[in-house]
Amino acid sequence: MCGRNRRHPPARAWPWLRTTLLVVSVYGFVPLLGILASRVVHPHLLDDARFVVRSGHQVVATLPVGTVEKALIHRRFQHTSPIVEDDVLYLPGSDGTNVDVLLREPIEVKLPYLLERRRTTTQVGRVALQVDDPEDLRAAFAALRSETGITSTG
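Quick note on the working numbering: the sequence shown kicks off at 1 and runs consecutively.
Keep in mind that the hints were calculated from the coordinates and are not lab data. Quick caveat: nothing in here was measured; it's all calculated off a predicted structure. Take the hints with a grain of salt, since some may be wrong.
[As the list claims (entries may be wrong)] With beta-carbon atoms standing in for the labels, derived distance ranges:
id	residue 1	residue 2	range
1	Asp95	Ala49	25 to 35 Å
2	Pro15	Gln123	51 to 61 Å
3	Ile73	Val40	18 to 28 Å
4	Arg117	Trp14	15 to 25 Å
5	Arg118	Val52	14 to 24 Å
6	His57	Ala13	12 to 22 Å
7	Gly93	Arg18	33 to 43 Å
8	Ile73	Ala13	51 to 61 Å
9	Glu105	Thr20	54 to 64 Å
10	Val30	Phe77	24 to 34 Å
11	Asp136	Phe77	16 to 26 Å
12	Ile35	Gly125	41 to 51 Å
13	Ala143	Glu108	20 to 30 Å
14	Thr20	Gln123	22 to 32 Å
Don't be surprised by glycine CBs; every beta carbon is placed ideally from N, CA and C.
Generate the whole structure from the sequences, applying the supplied hints.
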């Protein structure tokens, strides 16, 4: 009986708090959408002469097609952010990496970072990354190799 006599403030008692929380929620949600959209708007790019590897809007490396030995489908889940480890650049998506691009010679890459001046440069011999369709990327590299007469040594 005691519980029934208690008066609770109405849900609309503090409209300023509800408005403030709504604004803060939207303010936090918009940058998240921007980060997710940057992966769709700025994908990796492969043409007849080069393979541009990106992380969001930042170009990480531009690989001449002739430096690519081959692309292997290989799933990894251990890395969640861009890192260079043991001569391998890992550029994971939300569920790791799914392609390894083996290189004929080491190339220079510029690791992605929020602030441009804090990006570091290093050499790698392999790039592990996330793509939407790994089989299409592998087939595209194979087709480019056959068109240009580049043969695989491994």
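Hints and how they fare:
1. A beta carbon spacing of about 30 Å between aspartate 95 and alanine 49 agrees with the range 25 to 35 Å that was offered as a hint.
2. Our hint of 51 to 61 Å for proline 15 and glutamine 123 holds, since their Cβ atoms are close to 58 Å apart.
3. Taking the beta carbon of each, isoleucine 73 and valine 40 are about 22 Å apart, inside 18 to 28 Å as hinted.
4. Between arginine 117 and tryptophan 14, the C-beta spacing of about 44 Å breaks the proposed range 15 to 25 Å.
5. Distance hint for arginine 118 and valine 52: a CB-CB separation of about 21 Å, consistent with the stated range 14 to 24 Å.
6. Remark: the range hint 12 to 22 Å for histidine 57 to alanine 13 is contradicted by a beta-carbon distance near 45 Å.
7. Checking the proposed 33 to 43 Å range against glycine 93 and arginine 18 shows it holds: the Cβ atoms sit about 36 Å from each other.
8. Taken as a hint, the range 51 to 61 Å holds for the pair isoleucine 73 and alanine 13, whose Cβ atoms sit roughly 58 Å apart.
9. For the pair glutamate 105 and threonine 20, the beta carbons lie near 56 Å from each other, so the given range of 54 to 64 Å is met.
10. Separated by about 29 Å at the C-beta atoms, valine 30 and phenylalanine 77 satisfy the suggested range of 24 to 34 Å.
11. For aspartate 136 and phenylalanine 77, the Cβ-Cβ distance of about 21 Å falls inside the hinted range of 16 to 26 Å, so the restraint holds.
12. Distance hint check: the CB atoms of isoleucine 35 and glycine 125 are about 29 Å apart, inconsistent with the given range 41 to 51 Å.
13. Take alanine 143 and glutamate 108: their Cβ atoms lie about 26 Å apart, and the range 20 to 30 Å holds.
14. Taking the beta carbon of each, threonine 20 and glutamine 123 are about 50 Å apart, not inside 22 to 32 Å as hinted.
Against the hints set out earlier in the document, violations occur for numbers 4, 6, 12 and 14.
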